[in-house]
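Trainee: First to last, the protein sequences are chains W and Z.
Quick note on numbering: the first sequence equals residues 1230 to 1412 in our numbering.
Quick note on numbering: the second sequence equals residues 0 to 223 in our numbering.
Please note that a few of the clues may not be correct.
Said to hold, decoys possible - With a Cα cut of at most 30 Å, we get these calculated BS3-like pairs of lysine-lysine:
| hint | chain 1 | residue 1 | chain 2 | residue 2 |
| --- | --- | --- | --- | --- |
| 1 | W | Lys1397 | Z | Lys58 |
| 2 | W | Lys1254 | W | Lys1242 |
| 3 | W | Lys1395 | W | Lys1361 |
| 4 | Z | Lys134 | W | Lys1396 |
| 5 | W | Lys1254 | Z | Lys178 |
| 6 | Z | Lys58 | Z | Lys178 |
| 7 | W | Lys1235 | Z | Lys156 |
As the list claims (entries may be wrong) - What the simulated footprint calls covered on chain Z by chain W, stretch by stretch (three residues with Cβ under 8 Å from a Cβ of chain W suffice, anywhere in the stretch; the number is not a length):
| hint | segment |
| --- | --- |
| 8 | 17-31 |
| 9 | 158-168 |
To be clear, the hints were calculated from the coordinates, so they are not data collected in a lab.
C-beta: ideal position from N, C-alpha, C; glycine also.
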Amino acid sequence: MHTDHKYIEALKKHDARLIEEIYSKTAPGIRAYLISKGAKEEEAGDVFQEALIDLYKLAQDDNFVLTCPLEAFLLLICKRKWINIVEKNARRGVTKSIDDGYTHIAASDDSATTLYADTFEKEQRVLEMLEKISERCREIIVASYSQIPQQQLAEQMGVSYAYLRKKKSLCMAELINLVRNHK
Amino acid sequence: MTQEERAAFEAELQTNEALRKDYEDWLYTERVLQKQLSADEKTQELKNILTPLTRKYFKVERKPQGKVVSFKKYIIAAATAAAILIIFLSIPGGIDNYQVPIMPQAVVRGAEDLSNEGAQLFNKGEYEKALPLLKQQAEHNPEDATIQYFYAIALIKTAQYEIALPVLERLSEGVSAYKEDAAFFTALAAYKLQRNDTALKYAQQVSEHSPYYKKAQKIIRKLN
């Protein structure tokens, strides 16, 4: 476990002081990297904040352990996010050099770190596909993972418990199919 | 599923490759949704901590965009704005309808229980009950901008503007991530105390990318 793992715990506990320390230690370097790759100040801020939220979600898995400096891990996530944005917006002139080496921050060559980043991207695909299924299905799936007991949920949605279970199964099948087709 | 049905299903899983793949995909998707969607509920709370820090470390300046409009359009826009302003001024307490930030938990290390209880009460809107806890932490941690900020908002929510004002002024003059949001609350406290020059001064410090920009502009319009 790297000593920077304390920042992962800080995110999990919403420890405002240590979270500010994350910014003071890592934001300047990552900002400089993103700006050098064509991001505007506002875009760089959005990417950095989203990366922290991704990290927070990753950390919900208790087995997640940071094995490299936080800055290197954040750089890896930000770099991938920026590549996705650039490709989406087809800023080809920028993409050409986006994955060039960046010497201000030591990049993570830790295979465990890369694996976590890959795993997270795969999980994000499930969420992206969740946005693409029918509205009713999305509503049922999202609600069924809330803290509300399923019986109560069925009542709130005005359907029987049996219907809710069956509909959830069908919706999950729809979601799984979409994820399969977008690999 | 009965015990027999379960046994039959597990036996089928051993031999039916397609079924096993479907089952594994199902379990994986369930796991991902469980993890991601349950985290979503707490993400908003985290965003409330991150957003002011992002603004501080990534100095975003959103410049107003110039627009060419016809004279006729300008008249209509001005008339509409005037009508909205009249309606707004006729509604009592319009500026009080502001968004209250969510207080992060475990703000003060070494006093997590106290801090969490204060934060929980604050986030439930029970400001009267939260106030003594937040006050105690604020007195013990005068340099902690987070606790000072939420203590001051609890004071505002309980109409103790006179006490809130100096706390907020310190934050507005400082360098913390709460500087700009605190400027709005400083303006609000001063406005409530009818210290109009102070209210105007701090309302003007709230920039366009602040979530309180529109409310700050309302204070300015009311005072001008």
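Trainee: Hint by hint, say whether it matches the structure.
Mentor: Going down the list of hints, with the structure as the test:
no.: 1; hint: W/Lys1397 / Z/Lys58; verdict: 45 Å, violated
no.: 2; hint: W/Lys1254 / W/Lys1242; verdict: 19 Å, holds
no.: 3; hint: W/Lys1395 / W/Lys1361; verdict: 20 Å, holds
no.: 4; hint: Z/Lys134 / W/Lys1396; verdict: 50 Å, violated
no.: 5; hint: W/Lys1254 / Z/Lys178; verdict: 20 Å, holds
no.: 6; hint: Z/Lys58 / Z/Lys178; verdict: 13 Å, holds
no.: 7; hint: W/Lys1235 / Z/Lys156; verdict: 34 Å, violated
no.: 8; hint: 17-31; verdict: holds (count 6)
no.: 9; hint: 158-168; verdict: violated (count 0)
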